[in-house]
Structures are given as C-alpha cells and as structure tokens.
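Q: Chains as they are written, first to last, in the numbering used here: chain R, 1 to 231; chain C, 1 to 405.
These are computed hints drawn from the structure, not numbers from a lab. Just to be clear, a hint being listed does not mean it is correct.
[What the hints assert, rightly or not] Quick look at which bits of chain R chain C covers, simulated, 3 or more residues with Cβ under 8 angstroms:
| # | segment |
| --- | --- |
| 1 | 49-57 |
| 2 | 70-80 |
| 3 | 92-102 |
| 4 | 110-117 |
[Stated by the list, open to error] Straight-line distance between alpha carbons at most 30 angstroms, and here's what the computed DSBU-like set of lysine-lysine pairs gives:
| # | chain 1 | residue 1 | chain 2 | residue 2 |
| --- | --- | --- | --- | --- |
| 5 | C | Lys305 | C | Lys364 |
| 6 | R | Lys4 | R | Lys163 |
| 7 | R | Lys139 | C | Lys307 |
| 8 | R | Lys163 | C | Lys121 |
| 9 | C | Lys394 | R | Lys77 |
| 10 | C | Lys121 | C | Lys171 |
| 11 | R | Lys143 | C | Lys14 |
| 12 | R | Lys63 | C | Lys187 |
| 13 | R | Lys143 | R | Lys177 |
| 14 | R | Lys122 | R | Lys77 |
| 15 | C | Lys305 | R | Lys163 |
| 16 | C | Lys305 | R | Lys122 |
| 17 | R | Lys77 | C | Lys305 |
| 18 | R | Lys122 | C | Lys394 |
| 19 | R | Lys77 | C | Lys307 |
Don't be surprised by glycine CBs; every beta carbon is placed ideally from N, CA and C.
One letter stands for each residue in the lines below.
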Amino acid sequence: MSIKLEQLCKTYNVDTDFPVHAVNHLDLEIKQGEFVAVMGPSGSGKTTLLNMLGGIDTPTSGKVLIDDNNILELHDKQLIAFRRDNIGFIFQDYSLLPVLTALENVEFVMQLQGHSEEECRKRATDLLIRVGLAEHLHKRPAKLSGGQQQRVAVARALAPSPKFVMADEPTANLDAKSTAELLDIMQQLNEQEGTTFIFSTHDPRVISRAKRVIVFEDGLKKEDTIQAESP
Amino acid sequence: MLLKLAWRNLWRNKLRTSIVLGAMVFGLVGVTLMIGFMNGMMDNMISNAINWQTSHLQVHQKDYSADPEIHKTISRSSQLQVQLDKMTQIKTWASRHLAQGMIASARSTRGITINGIDLQKEALITPLAQNIYDGFWLDDKGRNPILVSKKIAQRLKLRVGSKVVLTFTNKNGDVSGAAFRVRGLFKTPSSAFDEMNVFVRKADLKVLSGIEGDHEIALLVNDIKQLESVKRKIHVALAQSDSVQNWEELQPMLAAMSASMASSNIIILVIFVLAMGFGIVNILLMSVFERTCEFGVLMAVGMQKHKILQLILLESTFLGVVGATLGLLCSLAALSILKVTGISLSSLADGLSAMGLDTLLYPKVSGSDFALIFITVVLASSLAGLYPARQILKQEPAQAMSEKH
Chain R
1 MSIKLEQLCK TYNVDTDFPV HAVNHLDLEI KQGEFVAVMG PSGSGKTTLL NMLGGIDTPT
61 SGKVLIDDNN ILELHDKQLI AFRRDNIGFI FQDYSLLPVL TALENVEFVM QLQGHSEEEC
121 RKRATDLLIR VGLAEHLHKR PAKLSGGQQQ RVAVARALAP SPKFVMADEP TANLDAKSTA
181 ELLDIMQQLN EQEGTTFIFS THDPRVISRA KRVIVFEDGL KKEDTIQAES P
Chain C
1 MLLKLAWRNL WRNKLRTSIV LGAMVFGLVG VTLMIGFMNG MMDNMISNAI NWQTSHLQVH
61 QKDYSADPEI HKTISRSSQL QVQLDKMTQI KTWASRHLAQ GMIASARSTR GITINGIDLQ
121 KEALITPLAQ NIYDGFWLDD KGRNPILVSK KIAQRLKLRV GSKVVLTFTN KNGDVSGAAF
181 RVRGLFKTPS SAFDEMNVFV RKADLKVLSG IEGDHEIALL VNDIKQLESV KRKIHVALAQ
241 SDSVQNWEEL QPMLAAMSAS MASSNIIILV IFVLAMGFGI VNILLMSVFE RTCEFGVLMA
301 VGMQKHKILQ LILLESTFLG VVGATLGLLC SLAALSILKV TGISLSSLAD GLSAMGLDTL
361 LYPKVSGSDF ALIFITVVLA SSLAGLYPAR QILKQEPAQA MSEKH
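Next up, chain R with everything else stripped away, as it sits in the complex (with noise of 0.2 angstroms):
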C-alpha cells in the first residue's frame, strides 16, 4: 500500500488579497515501509501536509491517492472509516481522552473498530507492555510523564494496526531520554511489522533516525534525500 500525492495544494484565505499557501502543487509518493521525516521551520506547512496525507483534512486542489485510489472520493463516513482502519494519530501534545485511563485510551480505538472487549483488552495492555508501560497500565493521562503519555499515544495509533502512522512532531515536548525511548519503539515497529511512519519534525535526533528526509518549505518541497542507514 502506497500514498500518492497528485499536484496537491492547501490554500488558506483563498478568497483574500492574501491567499496563504501552505502546501503548493505537491508531487510525493511514499510506499509501504518507509520511515520518512517531514522537515522545515514553523508554518512550512508540514502539519498540513500530515493532515492531508491522513485525511483529516481537505486539500483546495489535487489529489491523495491511496493504492490509487482518491480519498477524497470517499464519503464522510467512508473516509472515517478508512482512517479508521489505515492511519494512525500520534500527535505533539498527545492528546489522549484525560478521563480513560492509558489502557483505556488504547482500547477505545480497537472498539471502534468493532473488536471485542476481551481482544481490546489483550492487543492494548500487548502494546503498552511493548512499549514500556506495563506498571502504568491503569493510571489515567494526568498522572504520567510527557514521555508516558507519548508511548501511550504510540501505542493508541498502533492499536488498529494500521497500515501508516502520521507523527505531528511527536518528540517535541519530550527530553532527549524519551525522544530516544519513543524512537526506538516506532523504528523498531517499522523493521519488525513494516508499519509506515511519516514524521513532521523538525527535531535533528528524529531526523538523524528517518530513511527517508523530505525538507518542505513555504508549503513546496526542497529536497527529498535517501539517508544511508545509520549502523
């Protein structure tokens, strides 16, 4: 499974003098597997571009298509559905539900997906034991570390096994600790399970990690670079 971007643009203020573009004709194509860091300053339109690629948001023009397939396309309910069952979320402040404790958070995800109580419950406390959380299973978001709640976050985004992660700078809030905690996790996911991540980042140790570093800026691509592995 591959997303293929077609000629995509985002353009906020449309009808002003002032239109804001915040991603401009974009050709991109990211297939399964990949590892890839978005970078560029604040306001370069990466998270933009995240949202589009996960289809939670509309682009003005072009295309998302996945397995050449439009999403835009799809009905309301049918893109739910989708991003339901292919993409999962992790974002910069979490965002967990503050009132579900952590294996709650990952179990409502499996739920809406339909799975039952009893498999929610083992896939979820599976992935928190995977990522580090075993002794804070039932301890609700408040009382954990940033770091914490980020794993969680990872392990939520996980739990629908979807086919591709968006990572709206997942690191930015965490200590050079958790960041490299959180790294190795989701590296190890990619090589282990061929789940795709896409980061937005514009954090040197996360870049340091991706395959693959696409540099946007003023909402057009720079450079698109291979990184050779790091040993």
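With the hints as your guide, set chain C onto chain R.
A: Relative to chain R, chain C alone:
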C-alpha cells in the same frame, strides 16, 4: 466504553456540573412543591365542597337550582329514600327542606337559605355537628332552635341565645316567619357558604312553610369510582321531573378549575424545563467547546460522527437523569415533611375562606406527576445536547484539532 466516557466526561469539571445540578435540584424542588401546593389546594377545595356543601350527589326537582321556589319539592321523596337505603354503594344520605328567606336581628337583616335538616342524618353527611364554634348542635329540645354561622353572627351582632326572625314565602305565596333562638354558631371553610346558610330542624320549617316533602337529598357514596354508576341507578329511580347531579355539575366552576389544574401544572413544568434547558445548553456548549480539540482527535482516530453525537447526548442525558433524580429525591423529602406539618396560610385566612379553603394546606404530588416531571426533565436535558453536538459535528477533524483551549 461510550457510557463510561460520557459519565466520566460529565464529572470532568466537578464544580461546574455540581452548580448545574444544584440549579436543577432547587428548580425541581420549587416546581414539585408548586405543583404539590396547587394540587393540595384544589384537593382541599374539592373535598371541602363535597364535605360541607354538595356531597357526592344531590337530587332536586329539575329546575330547582335555577329557580329555588318553595313548592318545587322532589316527587315521591319517601319512596326514593326507601330505595336509597337499599343501595349498598351509598354510604349515607340526608334529605333537606329548603327555603329562601331573610334572617333579621335587632341590628340587621340578611338574605339566606334556610336549611331544614334531619338532625341524625345531617350529622352523618356533613361535619357540621362536629364544628360548632360556640353553643351546641341542634336537638329535639326547645322551640325553634337555629344554627347560624360565625359570619352571620358577627354581621347581625348575634350570640348563642340571641333571638332572630326568619321570614320566607310559604306554599300559598304569603310571607311567613317565626322567631328562632340561636342554639349554636358554626364555621365552615367557605365564608361564602357561611354567609348564605342557616340550619333549623326540618320539622320546624315544614310547619312554617306548610309544605311536605323535601327539596334536596344529598348522598355520599362508599367508593368515588362508583359515583357514575350510582348516579345512573338513582336516575332510573327518579320521577321525570327530578334530576340527580354529581358534585361537578353542582359546582361547575370548581370542576372547571380541577380540569384545568393538569394544564396549569404542565405550564409550570414547561416554563421550568425551558429555563433549565437553556441553562443546560449553555453549560454543554461550554463543556463541548472546551473539548473541541478532543472531538477533533476522536474524529481523526475514526470515531464516526453519529457516535460523537451519541457521546454528547449521553452526557446531557446523564446530567438530566442525575439532576432529575436528585431533584425529585429532595422534593420527596420536602414533601414528606410538609405532609406532616402542612403549609400554614393563616395570614391569608379571609381570602382562603372566600375560596372555600382551609388555612393549613397539604401539598400533594402523585406518582404520575413525579414520572411526568422526571421524563420531561430527562428528555429536555437530552435534547439540550443536540445544539452543542451540531456545532461540533460541523467541523472537520483538522479544524477542530486546531482549536486550542
């Protein structure tokens, strides 16, 4: 999970939820007590009217109520009374000989209805015998004893032992009258009734009017549910010139007030529910808008919009259920206290008496009233979630997620 999420969301901001619940509880207690007070007032008016004035049923000559002339007596009264004795559904009955006339003291004169009563039977059908304010209930002793109300006594400057003169038209159309001596003073809950009625022995009045027979037979039934069937039976036993009426026909204004009571209770409830509904919408808007980003995340991770609608409606429904339950429990507690103590309105005694009301009222709220209040509040609360939900569902996930709080 949706239920769990909705319930926990409700308690995210405990202070805010508690304030809304507090407002709902106070409002509901107020509404319930208001409804209870109105019901209690109406019940009291009806029971007083039945106990003191109309009984459950009354038999008259057909046009007696419109034109109460002394010769309009009930046909075959004594045969009817025999039949009434045989009807097991009838608790008791009493016949009356009535005359429209004047009562005069040395000080003043007033127009009144002279009730010639059967002493034993009357004591069973109305509480008059037990409510002699001063003096004694009538008995066979003495010549022409009379019971007058406290109100008439005040107007005519009478006391027990005073002499009054009753005048009225007899069967020949001549003015007839006699002197009576006040045996006792009574007081009923209705000042209007008190101002218009005096009671004498039936035999004394018959002698003066020169008319045999009765003008009125009042009846009480054992079971109010059987009222209409008893009425039909009596109707069959009556001569064509006579009629039997239930208390609603005898007191049409009271019946109309009673019938409109349900509507006025609903109006009170609707006003409360509307005010509460706006309050809940306001709170839910705040609660939902401060979580816009969170709803964006839920949409992003694949929660269908109808599920988000369900979540918000569940939150508002929970709020309604908790508020209505607490409100009704507090109302029950308040009602159980007031059912013992009553609501004393003695400072309004004159006004209440004009309406036939006691000064101590007991609120009454039926199970169906409670159910109606509960259902209406929960329903209104649930519906109040629709508008905030609509505002959220209009947004795209990315747009919603960009809203920071």
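Q: Checking C-beta pairs, does the segment 49-57 of chain R have three or more residues closer than 8 angstroms to chain C?
A: holds (count 4)
Q: Need the status of pair Lys122/R, Lys77/R: alpha-carbon distance at most 30 angstroms?
A: holds (28 angstroms)
Q: Would you check the hint for Lys143/R and Lys14/C, treating anything up to 30 angstroms between C-alpha atoms as holding?
A: At roughly 19 angstroms apart (the allowed maximum being 30 angstroms), Lys14/C and Lys143/R satisfy the hint.
Q: Taking 30 angstroms as the top limit, are the C-alpha atoms of Lys163/R and Lys121/C close enough?
A: Distance ~94 angstroms between Lys163/R and Lys121/C Cα, so the pair is violated.
Q: Could you grab the alpha-carbon distance between Lys122/R and Lys394/C and see if it respects the 30 angstroms cut-off?
A: Violated, at roughly 35 angstroms.
Q: Could you grab the alpha-carbon distance between Lys63/R and Lys187/C and see if it respects the 30 angstroms cut-off?
A: Measuring from Cα to Cα gives roughly 92 angstroms; hence the hint is violated.
Q: With the threshold set at 30 angstroms, check whether the alpha-carbon distance from Lys394/C to Lys77/R stays at or below it.
A: The given pair, whose Cα atoms are some 14 angstroms apart, holds under the 30 angstroms limit.
Q: Quick one, are Lys4/R and Lys163/R close enough, alpha carbons at most 30 angstroms?
A: It holds: about 14 angstroms lies between the C-alpha atoms, which stays within 30 angstroms.
Q: Hint check: Lys121/C vs Lys171/C, CA-CA at most 30 angstroms. Holds or violated?
A: holds (25 angstroms)
Q: Count the residues of the segment 70-80 of chain R with a beta-carbon closer than 8 angstroms to any beta-carbon of chain C: does the count reach three?
A: Answer holds; 3 residues pass the 8 angstroms Cβ test.
Q: Holds or violated: Lys305/C and Lys163/R, Cα atoms, limit 30 angstroms.
A: Since the Cα atoms of Lys305/C and Lys163/R sit roughly 23 angstroms apart, the hinted pair holds (cutoff 30 angstroms).
Q: Under the criterion that the straight-line Cα-Cα distance not exceed 30 angstroms, is the pair Lys77/R, Lys305/C satisfied?
A: holds (8 angstroms)
Hint check: violations occur at hints 5, 8, 12 and 18; the rest are consistent with the structure.
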